[in-house]
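Visitor: Protein chains in written order, with the working numbering: chain P, 1 to 138; chain F, 1 to 138; chain H, 1 to 138; chain E, 1 to 138.
It is worth saying that the hints were derived from the structure and are not from the lab. Treat the hints with care, since some could be wrong.
Unchecked claim - Here are the computed lysine-lysine pairs in the DSS-like style, where the Cα-Cα straight-line distance is at most 30 Å:
| # | chain 1 | residue 1 | chain 2 | residue 2 |
| --- | --- | --- | --- | --- |
| 1 | H | Lys119 | F | Lys101 |
| 2 | H | Lys99 | F | Lys46 |
| 3 | H | Lys46 | F | Lys99 |
| 4 | P | Lys7 | E | Lys101 |
| 5 | F | Lys99 | P | Lys99 |
| 6 | P | Lys126 | E | Lys99 |
| 7 | H | Lys107 | E | Lys126 |
| 8 | E | Lys126 | E | Lys107 |
| 9 | H | Lys46 | P | Lys46 |
| 10 | F | Lys126 | H | Lys7 |
| 11 | E | Lys46 | E | Lys7 |
| 12 | P | Lys46 | H | Lys119 |
| 13 | P | Lys101 | F | Lys119 |
| 14 | E | Lys7 | P | Lys101 |
| 15 | F | Lys7 | H | Lys46 |
| 16 | E | Lys7 | H | Lys107 |
| 17 | P | Lys107 | F | Lys107 |
| 18 | P | Lys46 | E | Lys99 |
| 19 | E | Lys137 | E | Lys107 |
| 20 | E | Lys119 | E | Lys7 |
| 21 | F | Lys119 | E | Lys46 |
| 22 | F | Lys7 | H | Lys119 |
| 23 | H | Lys7 | H | Lys107 |
| 24 | P | Lys82 | F | Lys107 |
Protein chains: 4
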Amino acid sequence: MYINETKIRVRYGETDQMGYLYYGNYALYYEVGRVEAIRSLGVSYKEMEEEMGIMMPVLSLNMRFVRPALYDELLTVRSTIKTLPTETVIFEVEIYNEKNKLVNGGKVLLAFFDQETNKRVTAPEKLLQGLRPYFEKE
Amino acid sequence: MYINETKIRVRYGETDQMGYLYYGNYALYYEVGRVEAIRSLGVSYKEMEEEMGIMMPVLSLNMRFVRPALYDELLTVRSTIKTLPTETVIFEVEIYNEKNKLVNGGKVLLAFFDQETNKRVTAPEKLLQGLRPYFEKE
Amino acid sequence: MYINETKIRVRYGETDQMGYLYYGNYALYYEVGRVEAIRSLGVSYKEMEEEMGIMMPVLSLNMRFVRPALYDELLTVRSTIKTLPTETVIFEVEIYNEKNKLVNGGKVLLAFFDQETNKRVTAPEKLLQGLRPYFEKE
Amino acid sequence: MYINETKIRVRYGETDQMGYLYYGNYALYYEVGRVEAIRSLGVSYKEMEEEMGIMMPVLSLNMRFVRPALYDELLTVRSTIKTLPTETVIFEVEIYNEKNKLVNGGKVLLAFFDQETNKRVTAPEKLLQGLRPYFEKE
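For reference, chain P alone in the conformation it holds in the complex:
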């Protein structure tokens, strides 16, 4: 199991007139969470797209909204990979507020997609290398 935590501060333009982080902006925070998760494994998503030619389109997104996130709160986005990726990868995401209360929880399923062949491929070896130590049996 691999866990990464990233901090994101809620911007004014991301709130809505209810005074909360707009429900549609959580997907953006999930994106930042998973990009930082793989960066800390030594793989930048930019490099994956530009050098390896691999895109990661989102196949599905499920989220539940537990409590509102407020303007200027410094949220913690915890992204977890529980299974070694194959042709797809699942990120389980939990977002906590400054009082460490759960704000939002969800799951994103993404595919690895080769831009040249236009087909699904297995996760890049560099990513798997970074992840394997977290999935070895003790």
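For this one, chain P is given, so just place chains F, H and E on it according to the hints.
Guide: Here is chains F, H and E on its own, set in the frame of chain P:
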């Protein structure tokens, strides 16, 4: 069962560098879809918030991404209510492209929330009145 | 002089906790305005990019915020071209609310840019053809 | 003169199909820049709104786009206040990329607005206190 269809054209600023409608922007289209769905029943969401004091926070969001939506495409957002709302309402959403192919499908669960008492309430009578004819047995 | 008017309804997700259309979202409305302005001349921006290989990067943006735009308001975006485009084009934009009061006014300067040669070019002939009748002396 | 620098990384969802940071998203970066600028003076904008009842609506925005900002770039937003605020404040903003090249430059004019009286007021004393040392004659 109540069905409403609304058209939304994909804006340039809503695409990402993959050349597709960014996955996080679908939630915004779902919002437009359900707002227009209830407007065509004679209830504006603005009026609900400002005159009736009822907000509709989103409790959960589930979506699957079937094929990409492209810049400038005129999408059709079909919002369906299959069960008469109680203290919550479910919108089932399907988004189709100009070739009438499914782009995205999903479900949003929202609550009716009284701003004054800070408690969940049943759906406003005006909304239920608009919906009942679609749920009567033949 | 060529004038086009387009309607845009303010989305919930585009407001901020002040209860107004977020100042950063006006640029998106300006975009919709100018895209519809050239579409009504028979040129789609999508076609310009994909078939003619011409992009229109923004060089400068100036806007003044006169009064707030509110959730669900149906705004009128009036886009005006006062001078026949050369290698650049200026859109002067005014946004009015439902009471026909000015909400926002501004100016955008864009260039015509050839994706292949990576150089500025003059406006596409098809666009100029559409515009010329509006600039002929009486 | 008071200068503050803040780092912002370009999110995937903030790019457009040109592959650049969408021109409309710079306003969001300007917001983050000025909020962090006043935070480092000991004043949080959240506190200004919620405790002092002072909002800061934007009156005008001017920006020029010098070169594109790319996905995942870690930009530096430099916000400068050159004149001690009165009933308004001007932030001059420059955004630099990782190679320290200017990406965007601009100016935002904001007012101080009392939510209760619904009138313009002078900048809060706490903000002025933080700024004065930067404006004293040597």
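Visitor: Each hint: holds or not?
Guide: Here is how each hint holds up against the structure:
| no. | hint | result |
| --- | --- | --- |
| 1 | Lys119/H / Lys101/F | 38 Å, violated |
| 2 | Lys99/H / Lys46/F | 17 Å, holds |
| 3 | Lys46/H / Lys99/F | 17 Å, holds |
| 4 | Lys7/P / Lys101/E | 27 Å, holds |
| 5 | Lys99/F / Lys99/P | 48 Å, violated |
| 6 | Lys126/P / Lys99/E | 27 Å, holds |
| 7 | Lys107/H / Lys126/E | 36 Å, violated |
| 8 | Lys126/E / Lys107/E | 23 Å, holds |
| 9 | Lys46/H / Lys46/P | 26 Å, holds |
| 10 | Lys126/F / Lys7/H | 28 Å, holds |
| 11 | Lys46/E / Lys7/E | 20 Å, holds |
| 12 | Lys46/P / Lys119/H | 26 Å, holds |
| 13 | Lys101/P / Lys119/F | 20 Å, holds |
| 14 | Lys7/E / Lys101/P | 27 Å, holds |
| 15 | Lys7/F / Lys46/H | 18 Å, holds |
| 16 | Lys7/E / Lys107/H | 29 Å, holds |
| 17 | Lys107/P / Lys107/F | 15 Å, holds |
| 18 | Lys46/P / Lys99/E | 17 Å, holds |
| 19 | Lys137/E / Lys107/E | 25 Å, holds |
| 20 | Lys119/E / Lys7/E | 34 Å, violated |
| 21 | Lys119/F / Lys46/E | 26 Å, holds |
| 22 | Lys7/F / Lys119/H | 36 Å, violated |
| 23 | Lys7/H / Lys107/H | 18 Å, holds |
| 24 | Lys82/P / Lys107/F | 25 Å, holds |
Of the numbered hints given earlier, the model fails hints 1, 5, 7, 20, 22; all others are met.
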